[in-house]
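Residues per chain, in single letters:
There are 2 protein chains.
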Amino acid sequence: MHRFYAPEIASRLVLPEDESHHCVKVMRMQEGDMIEVVDGKGTLYTCRITMAHPKRCAIEVAASEVQRPHWGQSLTLAVAPTKHLDRMEWMVEKCVEMGVDRIVPLLCRNSERTTLKVERLERVAVAAMKQSLKCTLPVIDPLTPLHHVVENTQADVRLVAYCDAALPRQLRKSLPQCFAVGRDTVMLIGPEGDFAPDEVEHLMAAGYAPVTLGESRLRTETAAIMALAMCHTLIQANNDSSSTL
Amino acid sequence: MHRFYAPEIASRLVLPEDESHHCVKVMRMQEGDMIEVVDGKGTLYTCRITMAHPKRCAIEVAASEVQRPHWGQSLTLAVAPTKHLDRMEWMVEKCVEMGVDRIVPLLCRNSERTTLKVERLERVAVAAMKQSLKCTLPVIDPLTPLHHVVENTQADVRLVAYCDAALPRQLRKSLPQCFAVGRDTVMLIGPEGDFAPDEVEHLMAAGYAPVTLGESRLRTETAAIMALAMCHTLIQANNDSSSTL
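Chains Y and L are the protein sequences, given in the same order.
At position 196 of the first sequence the residue is numbered 196 (the numbering used here), and the sequence of numbers has no breaks.
Residues are numbered in the numbering used here as their position in the second sequence, beginning at 1, plus a constant of 245.
Source of the hints: derived by calculation from the structure; they are not laboratory data.
Any given hint might turn out to be false.
[Claimed, not checked] DSSO-like, lysine-lysine: derived pairs with alpha carbons at most 30 Å apart: (1) Y:41 to Y:130; (2) L:328 to Y:117; (3) L:328 to Y:25.
Just need the whole structure built from these sequences, with the hints factored in.
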């Protein structure tokens, strides 16, 4: 069944204009056809088209089901945006496919970008949510200064991917050593020029653990994907061992 | 120090034409400047420029060092190419950054592409090898029929990402359950339309274990990245636990 996005469906039984166009003009769906609609807040609706209008496609709800994210803990990535926006876009796409709750574009000293329009990233996120059959749209924040992230983070587990070889060896742990299944986690990924030394000091004072993602030097967007994939691998491995007990 | 690629350096102390151009014209390096050169076969050379010729930059070797891949086992990804080549290109980039030994574009029943020029993928791989400070260039095979991969695979551990819910529950394991640190591994990733049932039968008869990569439905190129990231996470977690013993 085709899937559409209607954030206001709980109060308004009409698809938004772009989704109406896609449904009626592109997919050529008609009155009486069944579609799936997600609200981006965790609910999947099975709907019947009651009026196949190309701008305001009306629907009625046949059934609804709450589908919580399968990973059972909040995962936030705060990532310094790359110079080329297409790298950010595919990072958002891949993170949404794998599963993430929030993406915070991070403004820090060495950020390669100091302005960012999030509308395009949001469109990518919506498409990836639908494509990967999820019902919850991750939050994508506007470009946010590092100190603001530090002051407002609620997460239990605070990690910063920081690869400075000068950091004392006992402080350099791997992400698998620091990650905790079931606990809300925020992961900071710095820009190509890395975090500045005083930024790292500030982060460590605020309880952020510096972690490495392995031996390879990764681009910013690859580091974000790798960090998130690592979390999901550890959650999966934990689920596996729980289910065999 | 800037890094260049010269696959023939062991027999010819000259950078290839494109690397000479980049070194002399773009980076404006001069006679006497020091550069790093990798041969793509695992050796890093520290070199001095002896003649800054824009097409045939001559070098002499000051030092050399063999740097084996840090993951200690062969990792092969066999992936059905996507319709849009840019998705394959970034998949190659990300896999090389994370660390992979061989990428086999896979021709199977439902492949979205039945022809593929690997030259562009090879160029992406070279750039990613240099950027991520590796010395070994992964092999990128031409488009290869599935049965040929099955007949010629030497790997101990053979996994196929296959998500058919109809597969008996006891046969559906997760990648972390099937992966083995230290053993050469091949992972097959099917096309958007998945492997055909008789292809899966053939694979299972040849010792391929069907694995899932988690609860999310992933695009082909995301599945490839996820599978590889999972392997590196498990290798990292294993290294961590070894080093604390």
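Review point. Which numbered hints does this structure break?
Key: When the structure is compared with the hints, none of them turns out to be violated.
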